[in-house]
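Colleague: What follows is the residue order along each chain.
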Amino acid sequence: MKIDVKDVTMIYPSGKKALQNVSFSVESPDFVGILGPNGAGKSTLMKLMTAALRETRGKIELDGKSLLSQESMLKRNLGYLPQVFGLYDELTVWQFMDYMSALKGIKDKEEIEWALEQTGLKDKRKIRIGNLSGGQKQRVGIAQAIVGHPELMILDEPTVGLDPEERIRFRNIFSEMSRDRIVFLSTHIVDDVQAVCNRVLVIYGGKILFDGAPSDLIDSTVDHVGSYVRSLDEVIPEDCEIVSKVNTRNGVLTRIVGENLPDYVEKCEPTLEDAYLYTVAAHSRS
Amino acid sequence: MNQLIKAIRAEFIRLMKKKTTYILMLCHIISIALCFVPYLQRQLRIFMNDGFDVIASGTNEYIYRPFVIGSLAGSILWGIYVLASADKEKKNNSREMVSAFMDERKHSFTRIMAFLGVAILDTVLCMLVFLPVCMKKMDYLFQWKTYIIYPLILMLAGIVMTVFLMEGLYRLSENTIVSLLVFGILTAVQFTPAFKNSIFVRWNLPQELPVSDTVGSAGILRILIYTRIILLLCSICIWSLASLFIRKYQYGPVRSFLVSLKKPLRLTVPVLCALIAAFMVAGQPFIDHGPLVVEDIGNVFETSWDLAAECSHVQRDYYFDTVRGTIRGTYKLDIEETAKQDLEIYHNAGIKIKHLTFNGEEVDFTTHFRKEDALKTSLSDVYSAFRLPEGSTGELVCEFEGYPTQSRTNYKDWEYSCANRTVGPDYIYLHADIVGMEGVGNAPYTSKTRIHVPTSHVPLADGFEMKKVEDEEGGITCWETYNDYAIIMSSPNEICDIDYDKAKVKLAYNQKNGYAIRKYKLDEAASDVLRYCDDHIGTLNTDETNRITIELVSSELGGGYASDGNAVIDESVLSAENLSDQKDGANGNETFMHEIVHLFLGDLGLPFDDDGLWSCEGMTVYTTYRIVKEKYGALYAKKYYSDVWEEVVKKQNNNFYLRNPGYLDKLPESYKNSILSSIGTDNKYCRMPLMLLKAEQILGEEKMDAVIQELYARRNEYYMNGGCCTFEDFLNAAGLEKEDLEL
Chain V
1 MKIDVKDVTM IYPSGKKALQ NVSFSVESPD FVGILGPNGA GKSTLMKLMT
51 AALRETRGKI ELDGKSLLSQ ESMLKRNLGY LPQVFGLYDE LTVWQFMDYM
101 SALKGIKDKE EIEWALEQTG LKDKRKIRIG NLSGGQKQRV GIAQAIVGHP
151 ELMILDEPTV GLDPEERIRF RNIFSEMSRD RIVFLSTHIV DDVQAVCNRV
201 LVIYGGKILF DGAPSDLIDS TVDHVGSYVR SLDEVIPEDC EIVSKVNTRN
251 GVLTRIVGEN LPDYVEKCEP TLEDAYLYTV AAHSRS
Chain C
1 MNQLIKAIRA EFIRLMKKKT TYILMLCHII SIALCFVPYL QRQLRIFMND
51 GFDVIASGTN EYIYRPFVIG SLAGSILWGI YVLASADKEK KNNSREMVSA
101 FMDERKHSFT RIMAFLGVAI LDTVLCMLVF LPVCMKKMDY LFQWKTYIIY
151 PLILMLAGIV MTVFLMEGLY RLSENTIVSL LVFGILTAVQ FTPAFKNSIF
201 VRWNLPQELP VSDTVGSAGI LRILIYTRII LLLCSICIWS LASLFIRKYQ
251 YGPVRSFLVS LKKPLRLTVP VLCALIAAFM VAGQPFIDHG PLVVEDIGNV
301 FETSWDLAAE CSHVQRDYYF DTVRGTIRGT YKLDIEETAK QDLEIYHNAG
351 IKIKHLTFNG EEVDFTTHFR KEDALKTSLS DVYSAFRLPE GSTGELVCEF
401 EGYPTQSRTN YKDWEYSCAN RTVGPDYIYL HADIVGMEGV GNAPYTSKTR
451 IHVPTSHVPL ADGFEMKKVE DEEGGITCWE TYNDYAIIMS SPNEICDIDY
501 DKAKVKLAYN QKNGYAIRKY KLDEAASDVL RYCDDHIGTL NTDETNRITI
551 ELVSSELGGG YASDGNAVID ESVLSAENLS DQKDGANGNE TFMHEIVHLF
601 LGDLGLPFDD DGLWSCEGMT VYTTYRIVKE KYGALYAKKY YSDVWEEVVK
651 KQNNNFYLRN PGYLDKLPES YKNSILSSIG TDNKYCRMPL MLLKAEQILG
701 EEKMDAVIQE LYARRNEYYM NGGCCTFEDF LNAAGLEKED LEL
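These protein sequence lines are chains V and C, in that order. According to the working numbering, the stretch in the first sequence is residues 1 to 286, in order. According to the working numbering, the stretch in the second sequence is residues 1 to 743, in order.
FYI, nobody ran anything at the bench for these hints, they're computed from the structure. Check before you lean on any hint, since a few could be wrong.
As the list claims (entries may be wrong) - Quick list of in silico lysine-lysine cross-link-like pairs, DSBU-like style, CA-CA up to 35 Å:
id	chain 1	residue 1	chain 2	residue 2
1	V	K122	C	K19
2	C	K91	V	K6
3	C	K354	C	K412
4	C	K17	V	K65
5	V	K207	C	K91
6	V	K107	C	K17
7	V	K126	C	K90
8	C	K412	V	K207
9	V	K109	C	K6
10	C	K262	V	K6
11	V	K126	C	K106
12	V	K126	C	K468
13	C	K18	V	K137
14	V	K16	C	K467
15	V	K122	C	K106
16	C	K412	V	K16
17	V	K59	C	K106
18	V	K16	C	K262
19	C	K468	C	K145
20	V	K6	C	K631
21	C	K263	V	K6
22	C	K88	V	K122
23	V	K122	C	K90
24	V	K124	C	K18
25	C	K6	V	K17
26	C	K6	V	K59
27	V	K137	C	K17
28	V	K124	C	K90
29	C	K262	V	K59
30	C	K263	V	K17
31	C	K19	V	K107
32	V	K109	C	K196
33	C	K88	V	K107
34	V	K59	C	K412
35	V	K2	C	K91
36	C	K106	V	K137
37	V	K126	C	K18
38	V	K126	C	K17
39	C	K88	V	K137
40	V	K107	C	K468
Bound-form chain C, shown alone:
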């Protein structure tokens, strides 16, 4: 062992003496630095998000994505480095001398360990170089924990896999070209339609998953760590298997393998790695193991308990293991069996029913994937069926536990997402269907739901505060709600009141966002917007108790949504990047205003068809401009809004591809999409607002407001018809022709 350590140390020193080691590190740093060049940053964002220019959290923008690119670039650089090093050793005849003193298998292992030592140094160096940039860019949202963990699991793991793989491939083939070719194929396979969504295959270019700036993204981290361990095991398996083919006595690969097999224990490592990896894939808790169903997944949130029995009261209790991400709990139902048939409980496939008792006696049940209902299956839904004695009355108690999964169909069509279910130390987010908070049967009933979360959390059910019941042992607090179908969001939240006459408005946000809320006076900004929109557009939909909660949630959700009284906004609107993005507003305060305007236009209010030149985004930018104009004056609004729009539109009018669309069609698909995406962004943020400004100049401010009010008043009509407010609707209401607004 001592010899091995000394040999690893000596090999490490040898590598550190090579100029190529430093050239590799420099190239690696440059490749990551490219992710911070604004133009390339946007292109990469589009590339990593299937052609969409999405709003990304600061963590995604400055840590996750650069280090994913660092993983790919590092993998390529390290692949070449490992191969070149092995090949040089073979060609300069040092191998014969070295192998006389140390077994070649052992020597290969020392090489790998030394490479890993240098790889760690390389990673640390990259992290140190980009630390000041990330700290500056992410400002108050910078977290050390995040900055350390993502480079390690994304980039370092990718490099480690590459080292094992390339050393293995070279030992197997003894041929640089063949090794490079296999490496190329294994890298390219990640870009194929069949595997690009598979997190289990993306080894040196992990998928870009939306991660949070504030709440740790435990769900994403778990699957990343889990899949990286599987992939690492596979790479170790490849190397340890390939090492058995290391040429002995100048034999060929097969005969050398047979010689190696004379010590069968040598198979232990590859077999063990393969078995553990296979076991981990087969037993992975993240995606259900049900049938693939190609179906419309637009209705993923629709589910219910089809309990064919009369239920008068339901009590639910949920406990969370925030480290493992599991849920444990009980349903207690007071029911009367009237159906005279099997009763069924629908639940997430990851949640297993441990015990089912009726009046204290165990009830037999069987659990099945739903095959007959594609919509249910796409929800990762299973049902547990059981039968109660006919006409019996009593308490049905169901104890369950598990890790909520994503549907296999949904995963295949999209990618891994824990948007509707995350259980972590800093954040618990669960849709009702995941934990069975849906309705029970058809008869009226009462319900009480208790959740037991870390004491630092302030949970919200559908955006509304829950009632605190009591503090429990182990830093847990019990909270209660009487709502069904509620979405639970529990986190160290702060809640502040927004000054607004028409409704009781609350703004809920993670404590870590408190700094931005106070710095940019975002509560005041929200209040200004609500008042303006109320005066100029119309009254916002509230719930039956006249409440509205504006809730900032983790970026893992990948966007926002709204229901009556509850608007959910992606926390990334508060990222330093977004707050300084002049597309949305001149400063952070106005950016947030922009997001609140969205409650009226798009989310809680007027629906839009985000198509071409007519979009919710454009109307929101225009409305924000109007608010700013009222608040800070026309000169300010002109300088920071309309002048900027005009400049962009002027540039756009000169765009070569817009003037010559024929050439655009001839470009490669990805390049074409990138250009179209850029044009689309300019349309939303500049051209459409400028068109609306032109309409305002023709109609006058009052008439313009009246037109928008008229459209807003018809919002329920649009919703009921399943449609949107179109450009034609606007033109008709304004009495304008399309040509009138041409720029």
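So that you can see chain V by itself, here it is in the shape it has in the complex:
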């Protein structure tokens, strides 16, 4: 499976420009992490790829054909978890999975069993969804997205509300699944992207600021990340962004990113988080 996003611009009827001339191409297998601040256009991009929205300009192709003409093929091969979703509280976990499987045209009940096992819901199968906790509901959402081993998985902040242990388990599952399919993972948790994605898209203000391997993004930030100890009332250098602050006996140990770091700042090894912040901050300033 191959997805080509070609020069896509999306303007909502309200006039809000959500995406501007976005282009990239993804071919199976690939695990693409999408990073960006709130309102950057991540969800819009995902909705466009699920054909829930239609681009204002440009086009999206699925295996070389227009996505809209391939809509039924897309629906058959899609695993989708929206950022905000609702479940049917009156159904048990199993009934809900059976319902979603029916909508997706999945015949094999083993698929449901597998999805429940992967999401740790096997022992909750007979419990009504209305009686589940928020985290458990999130897991049901993930289960419905992975059931049937879809060729294309689009996950919009799937690990929200999960504890760290679960989060790590799920990102590993997604990683495992991405071996023979395309997975898009939109998240605010940069560590997750760094841990499992072999490609990252950084979106800001409707534009793609970076498209490449996480290591490339990190490499682009070498010499732009540093740390130093400052007093509480001391301002950070101009054109720099704080990545982290730790209070110590000597002052505040501050990690910053910036285009030109002052000499008193000790340069350090960049992480993906540093690189993401640096990229966004640099664009924001420009």
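For chain V, the structure is supplied; the task is to place chain C on it using the hints.
Modeller: Just chain C, lined up with the frame of chain V:
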């Protein structure tokens, strides 16, 4: 397809897991149950019959009306249910997830199919709950076929329409309030004067049409099924059209519609449904397509052939397609053309002349609605005009076929009725004018009419047995009559002789009523009444051969009538409900007596003005009391009649609204009418008989009988003057003042 079926199944299971589904079913059952509460039953009967408390068949009372109410209540409940379900899906954000995997149009369809599955369950559940009640109430007249078909075409169809409509409205507007508002308007429109008589508009509250307990009501069923199909097509059309407006790509309704139109085949379903529905409305065979004429329709039975030619013999043959309800046949007339002008044959607008030949040669003719004669037009009458060679003599053969219609004017002013024409497997009822059994021209002629009906039938012409000619192929038997102007009633009838010295009396009834006839010894009851009335009131009018036939006919007729020698009684007098109705008598036997007394008072005998306190009904109740008193003794008559009257009158005298009529005027019209109707019923069945009993106590039984005899003897005088026997006539004959009889 497999995915669709699985999705429908999954959606169905989802609905069945919802508590609201069961609450809906419970509310639905309760709404139907209310129709069985005696007080509400009567109120609904009045409401459904334009303010009249009519005698209804058991089928009307226990199946038709409850399931019509079930249709309205079900429609409202299901409307809310469908909307709430769609709205919830939108508000809890499950729609986005679902629509990623299944096209929203397809998903809407799966929802509808799942709703329909639950609706079928709901209907079956309602039917099962009320089955024992109906079986008990209808007793020997209960029929499975009837019990299954009416809930389906009345209630289930109404719910199905609602599901399509509401799903469509919601998809169109994406707004619960707007959808509910439109639903409310479409429901309310059925109550407006312009549409309340239109069976084509009454979608979730079908009209209450009189249906039979015994003979299947084929005519009513046909129009009900036909109109329900049209309305179903309309609702499917609305949904399929609205589904094209389902929001795509977060566009507005118009842009989404334009996107949907990129696949023009999507218009197939709505266009096809609209076309079929329009075609069915335009081609409906039930009501004529002639001009509307606002006219007195009191003379609907007057018609004749104005054939301006000398006719010496007429032979008519009628064949029936009892499934389709059509008539096919031929007239053969031996005629001599003397008029030197166009000749005209009048016939029902639904009957089409296929061929017209004179001495074997085709004759050209044209068919027109009669516009110049309002009375004829109100009869659904058309005329076919043709011209024969001047002075020619020979055989005119007219071949015709068609489905007899009701006049558009009559339909508009009243409602659909097939009272004067029904062709069905169990029942054929045709007035002479429908099939051209009227007279031909003005010259004397001989006639022979043959009807070819199912072998199980025993046909009657004006109540009298026809002559069996022969059995034909295909389970058909040919019968013959030499009467013109006859009303044909053919059904699996039984005919029994009634013991009466003065005339040869026969009682004809449907086989299914045989049980009641035997159980309640109704033939004996009829005999007792005839003898009593003959002794105490006078001799009944018979035909020229001194015969009387008492004929029980389908409730579709909506009442009874009589001509010399033939009394036609609505079969509903034999319903379990009526036979146990103590207003008419203490038991079934006496109820039937009451109906036979009507032959003397009102139908064949003394005419009454059914107005206020003076009515045929009251005189009949009093006379039945006298018969019962003679037969079972004074104590019995007092216990079951006069004591009951006194009790009711006592209650009536304390009635708040009767004592304070000013308050009655301030009530809403429908409530006021209901109270007046109740008071009127008590007046007829209790107050007037009690007044007559008081008169009897003043005058003595003999003098009372003499007064009634005197009035009865003057019956022809009343008829000739077009009047009725009034309260004043009675008071004058009895020498009493109004005040003497005050209670």
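Colleague: Hint by hint, say whether it matches the structure.
Modeller: Status of each hint after checking the structure:
With a C-alpha separation of about 25 Å, the suggested pair V:K122 and C:K19 falls inside the 35 Å cut-off, and the hint holds. Restraint check for C:K91 and V:K6: the C-alpha separation of about 33 Å stays at or below 35 Å, so the hint holds. Restraint check for C:K354 and C:K412: satisfied, since their Cα atoms lie roughly 29 Å apart, inside the 35 Å limit. The straight-line distance between the Cα atoms of C:K17 and V:K65 is roughly 41 Å, outside the 35 Å bound, and the hint therefore fails.
Proposed proximity of V:K207 and C:K91 is supported: the alpha carbons are some 31 Å apart, at most 35 Å. Restraint check: the Cα-Cα separation between V:K107 and C:K17 comes to about 22 Å, which is no more than 35 Å; the hinted pair holds. The straight-line distance between the Cα atoms of V:K126 and C:K90 is roughly 26 Å, inside the 35 Å bound, and the hint therefore holds. Taking the CA atoms of C:K412 and V:K207, the gap is about 69 Å. The hint is violated against a cut of 35 Å.
In summary, the hint linking V:K109 to C:K6 is supported, as the alpha carbons are separated by about 13 Å, within the 35 Å threshold. Restraint check for C:K262 and V:K6: satisfied, since their Cα atoms lie roughly 23 Å apart, inside the 35 Å limit. With a C-alpha separation of about 29 Å, the suggested pair V:K126 and C:K106 falls inside the 35 Å cut-off, and the hint holds. The straight-line distance between the Cα atoms of V:K126 and C:K468 is roughly 73 Å, outside the 35 Å bound, and the hint therefore fails.
Straight-line distance between C-alpha atoms of C:K18 and V:K137 comes to about 19 Å, which keeps the hinted pair within the 35 Å bound. Pair hint V:K16 plus C:K467 does not hold up; C-alpha atoms about 89 Å apart against a cutoff of 35 Å. Annotation: proposed proximity of V:K122 to C:K106 holds, straight-line Cα distance about 31 Å (limit 35 Å). For a cut-off of 35 Å, the pair hint linking C:K412 to V:K16 is broken: about 58 Å separates their Cα positions.
The straight-line distance between the Cα atoms of V:K59 and C:K106 is roughly 25 Å, inside the 35 Å bound, and the hint therefore holds. Pair hint V:K16 plus C:K262 holds up; C-alpha atoms about 27 Å apart against a cutoff of 35 Å. Our distance criterion of 35 Å between C-alpha atoms is met by C:K468 and C:K145, whose separation comes to about 30 Å. A distance of roughly 102 Å separates the Cα atoms of V:K6 and C:K631; the hinted pair therefore is violated under the 35 Å criterion.
Restraint check for C:K263 and V:K6: the C-alpha separation of about 25 Å stays at or below 35 Å, so the hint holds. Between the alpha carbons of C:K88 and V:K122 the distance comes to roughly 28 Å, so the proposed pair stays at or under 35 Å and holds. Taking the CA atoms of V:K122 and C:K90, the gap is about 29 Å. The hint holds against a cut of 35 Å. Between V:K124 and C:K18, the direct Cα distance comes to roughly 19 Å. Compliance with the 35 Å bound is thereby established for this hinted pair.
Annotation: proposed proximity of C:K6 to V:K17 is violated, straight-line Cα distance about 40 Å (limit 35 Å). A hinted pair counts as satisfied when its Cα atoms are at most 35 Å apart, and C:K6 with V:K59 qualifies at roughly 33 Å. For a cut-off of 35 Å, the pair hint linking V:K137 to C:K17 stands: about 19 Å separates their Cα positions. The hinted pair formed by V:K124 and C:K90 meets the criterion: a straight-line CA distance of about 26 Å does not exceed 35 Å.
Of the supplied pair hints, the one linking C:K262 and V:K59 holds, its CA atoms being roughly 18 Å apart against a limit of 35 Å. Pair hint C:K263 plus V:K17 holds up; C-alpha atoms about 29 Å apart against a cutoff of 35 Å. For the suggested pair C:K19 and V:K107, the alpha carbons sit about 28 Å apart, so the restraint of at most 35 Å is met. Distance restraint check for V:K109 and C:K196: the Cα-Cα separation of roughly 54 Å exceeds the 35 Å cut-off, and the hinted pair is therefore not satisfied.
With a CA separation close to 28 Å, the supplied pair C:K88 and V:K107 stays within the 35 Å bound. With a C-alpha separation of about 60 Å, the suggested pair V:K59 and C:K412 falls outside the 35 Å cut-off, and the hint is violated. Between the alpha carbons of V:K2 and C:K91 the distance comes to roughly 34 Å, so the proposed pair stays at or under 35 Å and holds. At roughly 26 Å between alpha-carbon atoms, C:K106 and V:K137 fall within 35 Å of each other, so this suggested pair holds.
A hinted pair counts as satisfied when its Cα atoms are at most 35 Å apart, and V:K126 with C:K18 qualifies at roughly 16 Å. Straight-line distance between C-alpha atoms of V:K126 and C:K17 comes to about 13 Å, which keeps the hinted pair within the 35 Å bound. Restraint check for C:K88 and V:K137: the C-alpha separation of about 18 Å stays at or below 35 Å, so the hint holds. Taking the CA atoms of V:K107 and C:K468, the gap is near 67 Å; set against the 35 Å cutoff, the hint is violated.
Checked against the numbered hints above, the structure violates hints 4, 8, 12, 14, 16, 20, 25, 32, 34, 40; every other hint is satisfied.
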